[in-house]
Amino acid sequence: MNTQFTITELAREFDVTPRAIRFYEDQGLLSPSREGSSGLRRVYSARDRTRLKLTLRGKRLGFTLSEIRDLLDVYESPTDTVPQLHAFLATVARHRDVLERQLEDLNATLEDLAQYEAQARVLLENGTRETRHA
Numbered sequence: 286m287n288t289q290f291t292i293t294e295l296a297r298e299f300d301v302t303p304r305a306i307r308f309y310e311d312q313g314l315l316s317p318s319r320e321g322s323s324g325l326r327r328v329y330s331a332r333d334r335t336r337l338k339l340t341l342r343g344k345r346l347g348f349t350l351s352e353i354r355d356l357l358d359v360y361e362s363p364t365d366t367v368p369q370l371h372a373f374l375a376t377v378a379r380h381r382d383v384l385e386r387q388l389e390d391l392n393a394t395l396e397d398l399a400q401y402e403a404q405a406r407v408l409l410e411n412g413t414r415e416t417r418h419a
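This note's numbering puts the first residue of the sequence shown at 286, with every later residue one more than the last.
Since the hints were derived computationally from the structure, they do not count as laboratory data.
No incorrect hints appear here.
Pair ranges (Cβ atoms, derived):
1) Q312 x L370: 21 to 29 angstroms
2) Y401 x L325: 51 to 59 angstroms
3) L409 x L341: 42 to 50 angstroms
4) A331 x D397: 40 to 48 angstroms
5) L408 x S351: 47 to 55 angstroms
6) T302 x D358: 21 to 29 angstroms
7) L408 x H380: 35 to 43 angstroms
Owing to the predicted nature of the structure, the values given are computational and were not obtained by experimental measurement.
The beta-carbon is built from N, C-alpha and C at its ideal position, and this holds for glycine as well.
All chains, full assembly: derive it from the sequences and hints.
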């Protein structure tokens, strides 16, 4: 497996723009090394790739960049950091609650839509029958 990646490779793999990757770097979520005579060419490690993957997953789940940074720090820290683990669990619990409420709302909305759809189909069917019999 490749242990070094260019910004273009990561952008393509994760379907994000190089600008987004540079933004995450500016936010301290990624820390590529620099290569080339001018030091402008970014080289991302397997660690950076994993951090980008987790960052994008966290964003999809509604985590703030600050929360993602904290979670990444816990992910990479020794396992005996009790305060960090408590903070991690609190963040996860908050987001779980939000997602569960959103899921309940989505399920209720889907049920409402199914009822409206069924009613509309009945009205269409009745209207079609009445038109045929007229």
